[in-house]
Amino acid sequence: MRELTYEVPATAEEAVAKVTGDEQARFLGGGTNLVDHLKLGVSTPKVLVDISRLPFDAVEQTDDGLRIGTNVRNSDLAAHPLVRSGWPGLSRALLAGASGQLRNQATTGGNLLQRTRCVYFQDITTPCNKREPGSGCSAIEGYGRHNALLGTSEACVATHPSDMAVALVALNATVVVLGPDGERRIPVADLHTLPGHHPEVETTLAHGELITHVELPVTTLAKRSTYYKARDRASYAFALVSAAAALSIEDGVVADVALAWGGVAHKPWRASRAEEALRGQPLEESAIASAVDEELRDAVTGPDNDYKRALLRGVTTAALSRLAPTEVSR
Amino acid sequence: MTARPFEARSMGTALDRVDGREKVTGRATYAVEHDADLDEAPLHAWLVTSTTASGRVLRVDAAEALAHPHVVTVLDHTNAPRLADTEDRELAVLQDDRIGFRGQIVAVVLAETSEAAREGARLVRVHQEAADASVSLDGAETYAPEEANGGFEAATDQGDFDAAWAAAPVQLEQTYSTPLEFNNPMEPHAATALWRDGSLTLWDSTQAVHGVASTLAPMLGISQDRVRVQAPYIGGGFGSKGLPHGPEMAVALAARWADGRPVKLAVTRQQMFGLTGYRTRTVSHLRIGAEPDGRITALEHAAVGQSSAVKEFVEQTAVPARMMYAASSLRTSHRVAALDVAVPSWMRAPGEMPGMFALEVAMDDLAEATGIDPIELRERNEPEVDPETGNPYNNRRLVECLHRGADLFGWQDRPAEPRATLDGDWWVGTGVASATYPASFAPGNTARIIALDGGRYEVSIGAVDLGTGSRTVLLQIAADALGVDPEAIDLALADTDLPMATVAGGSSGTSSWGTAIAQTAQQFRADHGEHPDPGVETTTTTDGYPSTDHALHSFGAVFAEARVHRLTGEVRVPRLLGVYSVGRVINPMTARSQLLGGLTMGLSAALFEDAYQDPRFGHVVTQDLASYHVAAHADVRDLQVEWLDDVDELATPMGSRGIGEIGIVGTSAAILNAASHATGVRVRDLPATPDVFSS
Amino acid sequence: MEHTVSLRIDGVDQEVSVDTRTTLLDALRERVGNTSPKKGCDHGQCGSCTVLLDGRRHLTCLALAVAYDGAEIVTASGLAGEGDDGELHPVQQAFLAHDGYQCGYCTPGQVCSAVGVIDEAKRGQPSHVTDDLEADIDLDDDEIRERMSGNLCRCGAYVGILDAVREAAAR
Ligand SMILES: Cc1cc2nc3c(=O)[nH]c(=O)nc-3n(C[C@H](O)[C@H](O)[C@H](O)COP(=O)(O)OP(=O)(O)OC[C@H]3O[C@@H](n4cnc5c(N)ncnc54)[C@H](O)[C@@H]3O)c2cc1C
Ligand code: SF4
Ligand code: FES
Ligand code: FES
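Chains as they are written, first to last, in our numbering: chain A, 1 to 330; chain B, 331 to 1025; chain C, 1026 to 1196.
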């Protein structure tokens, strides 16, 4: 029998020490992902270190932007007046995720570190390299509608499910991480990893490193940001694919653009090649489509997820159109 | 005697649901919420299921689980109580080592708490020997069954189809399919069981308390009067709780083992995808031969479905084609593959839902091929008499439904050509489909009426209310049949200690139970007059009502507007309208909710529902509500239902026909027809997800 | 591991003994005997288990009871007065008036969620369908539908639920 103990650390340092010192310990944030996995048997820790009562529950304005405590709930972050005005794409991404109840519970750090929704990963009776390294990947030849198309490996084709993370990548956010040796900063774009031979490794964090904050730089581009999520149901569904975008048009051409995709890879995907292709161009649907295709040059798809190519053209166009000052020509 | 029609006084009025307060406060008690009725804290059961689709259980290693301080026992095929009859392999759980499908019950953990039961189940090691399994309908060998669900002939052939088809100037030949669909009532299947003094008491989430007792008792080797089943509240069923499934037997066996101590079992949402029935995938091959004016001369519907080697179930997909349209030659058939998969069963409108999906999309195909308006096309093929039996219809008002719907929906403004309207980024289209459902009636229902003090009556029947409103509607029927106000009646339902009632299914419940109540009321008045002495009672059982040579069916017309995003292929349904002819509507409020609920489920099937049964493993891997989508609130927009003023006293003495299922029939077809009209892309397979349109 | 947590449940302070793994939902249903919150999926995917937790709508199936020591929980039962004729909450009355339910299993969660939705809109929280993120919230039908989408209803009572929430919000 597996004992499961529960601890409430008094300080962040204590939390880090507890988890760093015990392979079987996990941080507990809002619990919406971890408790799910406890029940499914996907995650089998022996110690839960509850960080939800640590005082990282504020959204603060700093000289360069915003500093968001990990315990800020998704709903509060989305509704925060500064986020709504300065980083609307982040609000939109959060509001497109999960449900009202879940957003009231889910934390910023937990959202970033939620794990894939790959159905095999969640079903402990099937092989999955991420859950059980070396057991095989059931998704490659199985239910493939949600599989990744960029940065995949023969070991894993899972996607990262967070909407918020996609927006944070487009908005150049940074996570502040506390480890046993102190604090460090990691761009959100570098937080998650590609599966390679080790899909069980999902981030560049060491075991026991705690996300304490997310920092958002203030930019004019961020003010014109949005999020478009394509999904089956109109609400309460994970993305098929999604696009976070920020855009500035000057003299009829794209002066600057930021673009990130969800539902395409093991990490939120910064579409830098597409951005590059768009800069300096008039914003036309054909230009967007070829920029997307440029980003997808190395994409690998099968019959079940090939539709994501067209859908990415669609969501990218839809997202950028929302930001364009005038109608995007077809 | 048989019942006679009677005057409607409460019938036809929107009497408030009698159980509303309990439901909006959550105080209504569902199957595993009866601890207060138990004299001892219950044990919690958790099911352990097979992880191979075919083969044998070699050994169930429960040592680790039993080491858990709160785990009480682990039952498997070696130590579970024996059944007297193991013929029904779906229900004969833990009786032998055979594995018939992945997800089959192979052990049951009993523990003091639900956490311990779950943890115990995780710790049980089931050693299995896998055998070759056939789990995929594609390419599987099929056979012609003896009959289809509902007792329908598996195949029919009228006129000379081959000749008519060969001669037809317009020939349409297409394949339409529906995927595996799961009922997914919000309350998972669950039961509390108590075995005491050789008798079993079950609080079950079931659509048929007597059905459960009569099925379980002989298998348990006890007489039926030793099984008491109660189902005061049921959190939906949609067919999946119509017949008992493995979990009910598992909890009964666990209770027998625990002799004297109650046991609770709640099936997990994930386990419901293996153990509690589903709608089989259907593949319908249609050939329609027609004149250039759209008149159908040859109609063939050949349906293929999935069945389980453990127990046969044949969805009667081709049955509605037998009566829907006039066709001088008509051929229908069913074939199924007996796979090593979970046992399919009833899901709302078995047969009609997938069958009318196929037929009604085919009618749209035919409308396109002949250039005739879809409503006009249906009118031209309206039969004079029931094509199958030659009997006259009583009250076939399909055309009126179509016309009324067309007016309400604004059909006349519809552009004839597809892909004609782009509103912003959305392609807009409209579509129509017919709906039908037979007026089913189940004989053998018994009702009892006892006169109480003060002009009150106790009316009893073992019927259940799974959310449809039976508890309210039967009260109205009883009141009118006795000629008193509903407040004068104490209605007792949902208990096998009460007179026998048939299943709440096949839209037969209200018709069949109501007829029994009406007949009993009339006999009661004949026996005891208008001023009976308190204590007198009458009990009667129905044989049927009345014998008629008429074809009795309900009809409807469903209109949909679909919007398809030109860039992403996302599909939305801003408007959905159903106009029905269903006989007398006994309670307009609950009836409206039933029909809206049917439309909603049809919309859900049109756009989302699709279970992926992994051909390598044999089980459904989209086995939860995040990966198997049912419609959420945001998907359901402007939904309207209307019904024609109808009274059908050939169907029931109340003048009503059933309404539980017709709302789902035709709805998915109307939506897909609308999506095709919007985009010009014809979709013949459910569901129409964004990937279908996004290229 | 056994723990004792203090919870205020429907106005009554209670000490509840739970295992680390016990969810708030199971604590309420099995240890406290309050079965008003329902278990539809146990994995955050249906909303049946929604309660008001410290005033906000919250699922209870993905919440470990140990982590909520000191919380105040109001279930749909607690929204209504006690007994057979205790007064119903306006949202509950509206659900009855508009037949916003059928089987009733999702209903306590819908009711609690609706109370939360109305409050969130009053506090100006935007939703996915809010056009202008910086404008005041007009809780129109689209807003209600989106905000109530975390509560699935397989009976398909959404039309009645919408009417009920609209009416209750206008009160
Ligand atoms: C039905 C359903 C639908 C959903 N739909 C969506 C959706 O559409 N879009 C979307 O983006 N998300 C969706 N989600 C996921 C949801 O957003 C996440 O579960 C949630 O954000 C996780 O946050 P949490 O605080 O609850 O995390 P927890 O479950 O507490 O933690 C998740 C992981 O992060 C670790 N962790 C938590 N906090 C920290 C920290 N500060 N530092 C280091 N490690 C930490 C934990 O150890 C754990 O491994 C859905 C969830 C459900 C159940
Ligand atoms: S895609 Fe990744 S998570 Fe899914 S089964 Fe393969 S290895 Fe596991
Ligand atoms: S039971 Fe909690 S969301 Fe379904
Ligand atoms: S009322 Fe039955 S699930 Fe909503």
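Calculated directly from the structure, the hints in this document are not laboratory data. One or more of the hints may lead you astray.
SDA-like mimics (lysine to any residue), calculated; alpha carbons at most 20 Å apart, straight line [stated by the list, open to error]:
| no. | chain 1 | residue 1 | chain 2 | residue 2 |
| --- | --- | --- | --- | --- |
| 1 | A | Lys46 | C | Asp1110 |
| 2 | A | Lys46 | B | Pro399 |
| 3 | A | Lys18 | C | Met1026 |
| 4 | A | Lys223 | A | Asp64 |
| 5 | A | Lys223 | A | Arg330 |
| 6 | C | Lys1147 | A | Asp64 |
| 7 | A | Lys223 | C | Asp1161 |
Next item on the list: Check each numbered hint against the structure and report the violated ones by number, ascending.
Entry: Violated hints (numbers, rising): 1, 5 and 6; every other hint is consistent with the structure.
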